[in-house]
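Produce the entire structure from the sequences given, and follow the hints as far as they go.
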Amino acid sequence: MTGVRGARGVLLTFAVLALAGCADKQNTLAPASKQEGRISTLFWIMMAGAWIGFAIIVGLLVLGWVNRRREGLPGGGGERAATRIVIVMGVFVPIVLLSTLFVYSNIFVVKSTAAPPPGTTVRTLGVVGHQWFWEVRYPGTEAVTANEIHIPVNTRVNVVATTDDVIHSFWVPQLNRKIDMIPGRENRVLLAADRTGVFRGECAEFCGLQHAHMSMQVVAEPVAKFKRWLANMARPAPAPTSSDERRGREVFLSKACSGCHTVRGTDAAGKIGPDLTHVASRSTLAALTIPNTRDYLFRWIHDPQQFKEGVKMPSLHLTDSEVNALVAYLRSLK
Amino acid sequence: MAVDVRAPEHPRVQRLEQVWEERPGILGWLTTVDHKRIGLLYFFTTLAFFGAGGIEALLIRTQLAQPESKVLAPDTFNELFTTHGVTMIFLFVIPMTTGAFGNYLVPLMIGSRDMAFPRMNALSYWLFLGSGIFIYIGLFMGFGPNAGWFDYVPLALRHFNPGPNVDFYALGLILNGVSSTLAAINFIVTIFKLRAPGMSLNRMPLFCFAMLAVSLALIFALPALTIDLVFLELSRKVGFQFFIPGNGGDPLLWQHLFWLFAHPEVYIIVLPAFGIATSIIPTFAKRRMIAFPLVALAELLVAFIGFGVWAHHMFATGLPTITLVFFAAATLMVVIPSTIQVYAWTMTVSAGRPEFRAPLLFIGGFIVFFVMGGLSGIMFAAIPFDQATTDTYFVVAHFHFIIFGAAVFPILGGMYYWFPKVTGRLYHEGLAQLSFWLAFVGTALTFFPMHIVGLIGMPRRVYTYPHGLGWDSYNLIETIGSYILAAGLLLVAFNLIYSRFSGAPAGPDPFHGGTLEWTIPSPPPHYNFAVIPTVSSAYPNWDEPDRAVDAGKLERGELTYEAGHETPTSTVRDGVFDEVVDMPSESPWPVTLAFFAALALVMVLISHYAIAGIFLLLVLFSLAGWHWKEPQEA
Amino acid sequence: MSVIRSMHAPPGRADRHRIARPNGWWGVVVFIATEATLFGTIFGSYFYLRFRTAAWPPKGIPDPAVTVPAILTAVLVATSLVVQLAFWAGRAGRVRAAQWLLVLALIVQGAYFGIQMHLFLDDLDKFSPSGSAYASIYFTMLGAHHAHVVFGMFLELFLVLRLVAGLTNYRLIGLQATTFYWHFVNVLALCVLATQIYAAL
Amino acid sequence: MSVARQSKGVEFLQWFGLLGAAIVWTAQLIVGFGVTVADCSVAGAGWNIDVDTWQIVLMAIGVPLAVVSEVAALLIFSETRGLHHNDPPPWGRRHFFAAAAVWGNLLFIAIILLSGIGAIYNTPCQGS
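Residue numbers (my numbering), protein chains in the order written: chain A, 1 to 334; chain B, 1 to 634; chain C, 1 to 201; chain D, 1 to 128.
Think of the hints as simulated: they come from the structure by calculation, not from any bench. You may find that some hints are simply not true.
[Claimed, not checked] Using 25 Å as the maximum straight-line C-alpha spacing, the simulated DSS-like pairs for lysine-lysine come out as follows:
1) A:Lys225 <-> A:Lys25
2) A:Lys255 <-> A:Lys271
3) C:Lys126 <-> B:Lys237
4) A:Lys255 <-> A:Lys334
5) A:Lys312 <-> B:Lys70
6) A:Lys334 <-> A:Lys227
7) A:Lys225 <-> A:Lys34
8) A:Lys25 <-> B:Lys70
[Unchecked claim] Pairwise CB distance ranges, derived in the manner of DEER restraints:
9) D:Ile61 <-> C:Lys126: 39 to 47 Å
10) B:Phe44 <-> A:Ile52: 42 to 50 Å
11) A:Ala256 <-> D:Thr53: 53 to 61 Å
[As the list claims (entries may be wrong)] Some residues of chain C that are not near chain D, with every Cβ distance over 10 Å (derived):
12) Thr67
13) Ala78
14) Ser80
15) Ile115
16) Asp125
17) Ala165
18) Cys191
Here the structure is a predicted model, which is why all the values come from computation and not from measurement. We put the CB at the ideal spot given by N, CA and C, even for glycine.
Written out as structure tokens, the structure is:
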């Protein structure tokens, strides 16, 4: 491992500087789990090999240029010698190296990073892909949320990835490989963060107009904190306290909102948009398209299309006061 | 030597001129069956599509130059990247390498006077043209294909994609597939049967081995795509259930069939490039290829093993590992034919006295980029790593190094290399080398950073990306690179156009190439060879005694066949002289048939099935008319 | 070397006798190869879909008929012999015989096609191709094969008409190619039948 | 044994040496892949297919056959040692293909082994 790190420093100055220099939010090579750690090690090993192979070929070409005035190989020798090199370097060496790679990656690494069979982990959670947001369910509880996945740190969580419409791909680069969400199939991927933090993920399979705005974040937190969060998520929405909030709820239930959104504890049980029971507890709106602030929420409700052209949520042409009331209500859904 | 063969004033040569001459003017081009003219038609058409695809690429890069930019609306972006892929693969690289290079060169390299089925050759071109126009009409009507070039269902089904966009894609590609199939059949039979006497399989130029491999791959790969597209259209138009899980269908069926075609496709794209490289390297290294038999087999092996790797495009679909390992194993081993070739090329360069003129420079660039793309390709055979990086810009970088670096660079090199043969004039060397360096730097700048930006998490096919993920600077570099690259390509175009009119006369053999096309005048006469050459090695132009003997035959009228519109055939394995066959002359039917076929698909597109049926009858009718006139009546 | 050249130099252009298969033969063989792959893909899809469905055919869809298709296929396969005879007759220069044998084949195949069409439409009334993946692949497979039968009949019809004007080298090769094509279509017929009735076994 | 018969035998050896291993691998891929798909799908689950046995059998048949075709290539190669690959056919052509197939067949042997081993050592029907 350390040897590899050393080698990488030598071989990869360009890439390494680049990788070190950048934000790590979605970096496959900044692992936050054993699984992703193994995968990035696999990468660095292949990368080292690749640069060596590349150097050999470029070197040969340069030699050919240096030697352009003389017949025969630089080190002397003609057809036979050259053919021997082709056979050794072109057939034998690669067969050995590639077979080794096969065994290492496709038998060992693949096993040690694979999704566990159902029911073998402490926790299972369901993520359902929608055009274009992520519905997150915690089996065994009422909790339903969207685009923000909380998991306990140092715990193996089995994610069951399914889709409600087209093919999406669930991918949290710092935690594990990606897994496609395919109609009619139940795929799994293992999340097991070995440190607390927020890890960004994004839909990796082209899923239509707003494929670019289908991100999510995984929050890995201490078990106690996670349990508190989950308990709150499982509760129905808090009742409105101020008059504004009450009016907001009226608007929410009377206008089209409730046709698409669910707020548990009210009559709103729409299934098309994200569950808003605890929307105020989330840090972003529209699958990480905009931050979840009073101002943005206001503009979003006014005209969602300006942020996410083609999103299913229409502009309901509400008056400013109605929107203000809605904002007040939604911001109260902690 | 060969010069005598071309004595134009000789009565036999004049007779050949009369026999093989075709009608001049636009009508001549519409009815031509001359493989050289058809090759040129392919060449200019594919260049036009290359331009279109390039503009699409520049628009895409411009949109992605900065985060959150609004140059293109999302739907436009999706149509552009889909059409870019479809254009570059189906309307540029494949028709350019097989249609243009293959058509023009294969008969010249094997010493024949035309392809085995000249009229079918014309038909392939007209069908190809039809498919291209078909797809682009869609784009200009605002219905460009918009579900990605691999068009995954259910996104491509009517429920999620109600417009005709995907229908333009599917029907256009069916037509394109028919065209490629016919072309492939033609190449296989031509290479099997029309080789000059003495050209046994072991004396066949490597370019022809590449074209043979490509054609065989097409023959067995295209049906999968055709069936897949038929399934798709039946699902979209009349609600068949192949892909609907609820009713026993499976979206992955589409992916299996698509990649069963589309991975061999990748090798179909690069194989002719190998062929071009193996033509250019010996000429400028002034020696025969090292490990010739191994390289020949390697070309066939790539095409063959390419059929056993398709599911490595589906590693992230959750298929059982025990299914995936088969494809991972093949994916690793398919690398080896390429390593063989890469070492054979570099060894030939080292062992010879290479003269680094523009064509060889482009091949040098090709080797560098091909190795780079190949090495990142190996990584995708490691299932866990593939699942980490698939559908990211790391993949985009990989396949652009292969498709642009490894397929288009040899095409550019080949354009320079055979330009004197086709036009009779020399290109401008200085400009050519400048264009190489521009293209080389441009390619590296455009595609290398994509590796990094992919590794740090940028998925492919996003029309925009947020600031603050560390992607901005790389994307900007890529965009700058793409413009440099475009400049390089424009310089190539300028050089060729300029040299076409004011280049120095080239003579029959400016580079002293090894294969038969260099034994005849530039541009080649309609009949290609006054005396059908008799061959005793894979580099006949370097066997001067043989050529001298050929020259003598003109007087004696041996192997000249000036009596009729004829060319000799030989046995498949050992190139033993077999019989003389009458070659058909120009015919109006291929273009007519293609026209009706295209109209039939238009009718399917707008769901007028009865009228489509009528056009299909007209297709059969044209087929009958076509065969009513038989070659010997020419 | 010299050996080879003497071997290749033909005695003038008159030499027409052939020591290997003609281009047309190779052309149709390669064409058949790609067609076979096409049907291979269909059969592959059929069984892929079958693996993914517990009940085959699914509930509510009748088992495919066995006897009638089997008999029909047997009849169709028999025409292979007739077409082959036509080719032999043609090669022996007996043009009229070739013509009449082709006509005979055409009549039998026409009858076959007629009955198959009837069964096809009959099935369409029983269950819709847009009802299940089974129905979709079932009708697609049969439709594809029927289309090939029609194309084969078109080729024969064309030859019958051409042979009126006598026999040429070109037409003889055409006849040989068509014969080949029919053998292929009939092999397909057997594979299609096997796949089709598999659901009833 | 007449010359014609003998040359037929040699001819067969050359083509078998060239294509044998390739065909064997194709068979292994189709059957091996098919078996895994069948076993891991809705209907197939009920047919309790023993994937490992299948894979072992496939390897046990495939590897020897591939080796035989390698031997065939070697035989032709040694038979034609000293010829140049551009020499007149048929022997020049036989040398040409044998010289290449000797190395090419190694790939197919490798693929057959790796696929089999991979399929056996990984857990049946575990999503990946």
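Here is how each hint holds up against the structure:
| no. | hint | result |
| --- | --- | --- |
| 1 | A:Lys225 <-> A:Lys25 | holds (22 Å) |
| 2 | A:Lys255 <-> A:Lys271 | holds (16 Å) |
| 3 | C:Lys126 <-> B:Lys237 | holds (21 Å) |
| 4 | A:Lys255 <-> A:Lys334 | holds (22 Å) |
| 5 | A:Lys312 <-> B:Lys70 | holds (20 Å) |
| 6 | A:Lys334 <-> A:Lys227 | holds (16 Å) |
| 7 | A:Lys225 <-> A:Lys34 | holds (22 Å) |
| 8 | A:Lys25 <-> B:Lys70 | holds (24 Å) |
| 9 | D:Ile61 <-> C:Lys126: 39 to 47 Å | holds (43 Å) |
| 10 | B:Phe44 <-> A:Ile52: 42 to 50 Å | holds (44 Å) |
| 11 | A:Ala256 <-> D:Thr53: 53 to 61 Å | holds (60 Å) |
| 12 | Thr67 | holds (26 Å) |
| 13 | Ala78 | holds (32 Å) |
| 14 | Ser80 | holds (27 Å) |
| 15 | Ile115 | holds (32 Å) |
| 16 | Asp125 | holds (28 Å) |
| 17 | Ala165 | holds (41 Å) |
| 18 | Cys191 | holds (15 Å) |
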